[in-house]
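Engineer: This is what each chain is made of:
There are 2 protein chains.
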Amino acid sequence: MIQLTIIGSGNVAQHLIKAFSTSSLVEIVQAFSRKKEALIHLLEPEKIVTEFSALKKSDLYIISVSDNAIPEVSSQLPFENQLVVHTSGTTSIDVLDSKNRKGVFYPLQTFSKNKAVDFSVIPICLESENEEDYEILETAAKSISNAVFSISSEQRKALHVAAVFVNNFTNHLYQIGQEICEEHQVPFEVLRPLIQETAEKIKTLDPVDAQTGPAKRHDSVTTNAHLDFITNENQKNIYKILTQSIQDNGKKL
Amino acid sequence: MIQLTIIGSGNVAQHLIKAFSTSSLVEIVQAFSRKKEALIHLLEPEKIVTEFSALKKSDLYIISVSDNAIPEVSSQLPFENQLVVHTSGTTSIDVLDSKNRKGVFYPLQTFSKNKAVDFSVIPICLESENEEDYEILETAAKSISNAVFSISSEQRKALHVAAVFVNNFTNHLYQIGQEICEEHQVPFEVLRPLIQETAEKIKTLDPVDAQTGPAKRHDSVTTNAHLDFITNENQKNIYKILTQSIQDNGKKL
Chain S
1 MIQLTIIGSG NVAQHLIKAF STSSLVEIVQ AFSRKKEALI HLLEPEKIVT
51 EFSALKKSDL YIISVSDNAI PEVSSQLPFE NQLVVHTSGT TSIDVLDSKN
101 RKGVFYPLQT FSKNKAVDFS VIPICLESEN EEDYEILETA AKSISNAVFS
151 ISSEQRKALH VAAVFVNNFT NHLYQIGQEI CEEHQVPFEV LRPLIQETAE
201 KIKTLDPVDA QTGPAKRHDS VTTNAHLDFI TNENQKNIYK ILTQSIQDNG
251 KKL
Chain A
1 MIQLTIIGSG NVAQHLIKAF STSSLVEIVQ AFSRKKEALI HLLEPEKIVT
51 EFSALKKSDL YIISVSDNAI PEVSSQLPFE NQLVVHTSGT TSIDVLDSKN
101 RKGVFYPLQT FSKNKAVDFS VIPICLESEN EEDYEILETA AKSISNAVFS
151 ISSEQRKALH VAAVFVNNFT NHLYQIGQEI CEEHQVPFEV LRPLIQETAE
201 KIKTLDPVDA QTGPAKRHDS VTTNAHLDFI TNENQKNIYK ILTQSIQDNG
251 KKL
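These protein sequence lines are chains S and A, in that order.
Residues 1 to 253, numbered by the UniProt record's numbering, are exactly what the first sequence covers, in order.
Residues 1 to 253, numbered by the UniProt record's numbering, are exactly what the second sequence covers, in order.
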């Protein structure tokens with residue numbers, strides 16, 4: 001049984017607490033939050049501490065706070081030579097204070113407050129300084145997820161950038177699609193199945209093989225008609241750049 | 001029972017033939033293809049015709065050919081005052097020859113040869129010149145899909161542009177994500193669940209409410225670190241423009 005402490009009370013911290021609460025291999029010893037109320041719906045009050053000095057012994061401390069607070073929080077921990085990890089996609093393992101054994105426990109997912117997540121399909125990217133610590137992280141990660149990967153800080157950086165493209169930017173394209181629908185009184189409902197199918201295809205096809213549309217076909221009659229149709233300058237600009245990028249990629253293949 | 005003829009043998013035509021073959025309300029009378037071999041795996045040979053003059057009487061003729069061939073094909077049909085529709089997202093109802101009753105039967109989906117589709121969830125956008133013809137189209141459409149919409153030529157234009165954003169461009173962002181992974185020896189597998197989750201969220205959330213990430217947070221430390229990390233100028237450019245667009249949208253709200 002791995003004794004675990006969560007430090008933080010944000011979105012990721014809360015989802016981790018929920019997920020580990022159902023694990024039979026992990027026991028949540030405590031969680032740290034500046035405000036007790038933030039976690040009271042998830043844990044018994046006596047397990048929530050508001051001072052670092054109240055932290056008990058654990059096998060693993062997971063710091064899940066905003067990226068820029070990680071160095072400060074890790075340096076304030078009142079113990080040494082324990083396994084302390086952060087959950088950030090963009091932050092190197094090295095920002096953690098060296099008085100403890102360092103690691104990373106990065107769940108690669110987008111967590112919204114309003115939407116439940118199935119942790120079992122969320123990839124968790126692990127990094128540690130030594131093999132024994134990796135085993136602790138792996139046991140904890142595998143107890144909540146079926147997709148656990150060993151990923152170095154450098155690889156994690158690449159992954160986070162790639163995730164911005166496939167998640168943040170993709171979602172923004174959905175938003176533009178919705179805006180175009182609303183501008184022309186078309187129900188966005190009509191587009192929702194296409195959004196699902198676009199993602200669904202990527203389960204089995206490589207993106208380059210799934211690419212369709214006027215840009216890919218070099219159908220300039222259609223792409224020019226679309227550019228004439230779009231009135232918003234920002235949307236027009238995005239249309240041009242992504243059309244060009246699809247066509248330039250096609251040339252390379 | 002609606003008597004139906006399909007004119008064309010491309011991706012969409014073939015998917016329509018497959019879908020209507022399972023419908024109890026529609027009978028495929030014939031299909032037209034320049035080359036008989038193109039459809040021989042889907043229909044009895046005697047139902048496949050290679051000359052317009054061999055076309056029999058039907059309640060509905062669906063022209064599913066490339067956009068620029070629609071006017072020519074519709075003018076070559078050797079009959080008058082029949083219901084003739086096309087399946088194009090970008091083409092007005094008016095390109096059809098006026099000797100027949102015109103309409104549109106546009107399945108809004110991306111059809112790959114290598115991937116089976118479940119037609120029941122594919123939105124079909126219908127347009128006709130009169131109510132009786134609309135009823136024929138609606139009966140045929142509802143026999144293969146649960147998502148049938150009345151959409152004018154103008155609305156269809158908007159829909160097609162929006163579809164380019166949520167499908168073609170989104171898929172291209174997946175491709176960029178994969179390229180970044182490959183460049184840094186990270187398995188693209190790690191990102192696939194995130195792609196699914198990003199689409200999944202849109203079943204219940206509006207895109208603007210689902211938006212997360214450094215751009216949305218105006219976290220310029222992270223966005224600048226990402227821009228430093230990206231070496232490909234095209235990727236860098238797309239990153240900048242979409243980050244700016246997310247932030248400008250945020251301001252409007």
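I should point out that these hints are in silico values taken from the structure, not numbers from a laboratory.
Just so it is clear, the structure is predicted and the values come from calculations on it, not from any experiment.
For every residue, glycine included, the Cβ atom is placed at its ideal position computed from N, Cα and C.
Heads up, a few of these hints could be off.
With the Cβ distance kept under 8 Å, some of the chain S side facing chain A (calculated, not the full set) [to be verified]:
#, residue
1, P45
2, T50
3, F52
4, L55
5, N81
6, T110
7, S150
8, V166
9, L173
10, P193
11, Q196
12, I202
13, L242
14, Q247
Engineer: Each hint needs a verdict: does it hold in this structure or not?
Structural biologist: Against the structure, the hints:
For S/P45, the suggested interface contact is broken, since its CB lies about 30 Å from the closest CB of chain A, more than 8 Å. Because the closest C-beta pair between S/T50 and chain A is about 26 Å apart, greater than 8 Å, the hint is violated. Evaluation of the S/F52 hint against chain A yields a violated restraint, the C-beta minimum of about 25 Å exceeding 8 Å. Interface restraint check for S/L55: the shortest CB-CB distance to chain A comes to about 28 Å, outside 8 Å, so the restraint is violated.
Using the Cβ-Cβ criterion of 8 Å, the hint placing S/N81 at the interface with chain A is not satisfied: the shortest such distance is roughly 30 Å. For S/T110, the interface hint holds, since its Cβ comes within 8 Å of a Cβ in chain A; the closest pair sits about 5 Å apart. Among the interface hints, the one on S/S150 is violated; its C-beta lies about 11 Å from the nearest C-beta in chain A, farther than the 8 Å criterion. Hint status for S/V166: holds, given a least beta-carbon distance of 4 Å to chain A, under 8 Å.
Because the closest C-beta pair between S/L173 and chain A is about 5 Å apart, less than 8 Å, the hint holds. Proximity of S/P193 to chain A holds as hinted, the smallest CB-CB distance being about 5 Å (cut-off 8 Å). Contact between S/Q196 and chain A, as hinted, is supported at the beta carbon level, the nearest pair being about 5 Å apart and thus within 8 Å. A hinted interface residue such as S/I202 counts as satisfied when its beta carbon comes closer than 8 Å to some beta carbon of chain A; here the least separation is about 5 Å, so the hint holds.
Because the closest C-beta pair between S/L242 and chain A is about 5 Å apart, less than 8 Å, the hint holds. For S/Q247, the interface hint is violated, since its Cβ never comes within 8 Å of a Cβ in chain A; the closest pair sits about 10 Å apart.
Checked against the numbered hints given earlier, this structure breaks hints 1, 2, 3, 4, 5, 7 and 14; the rest are met.
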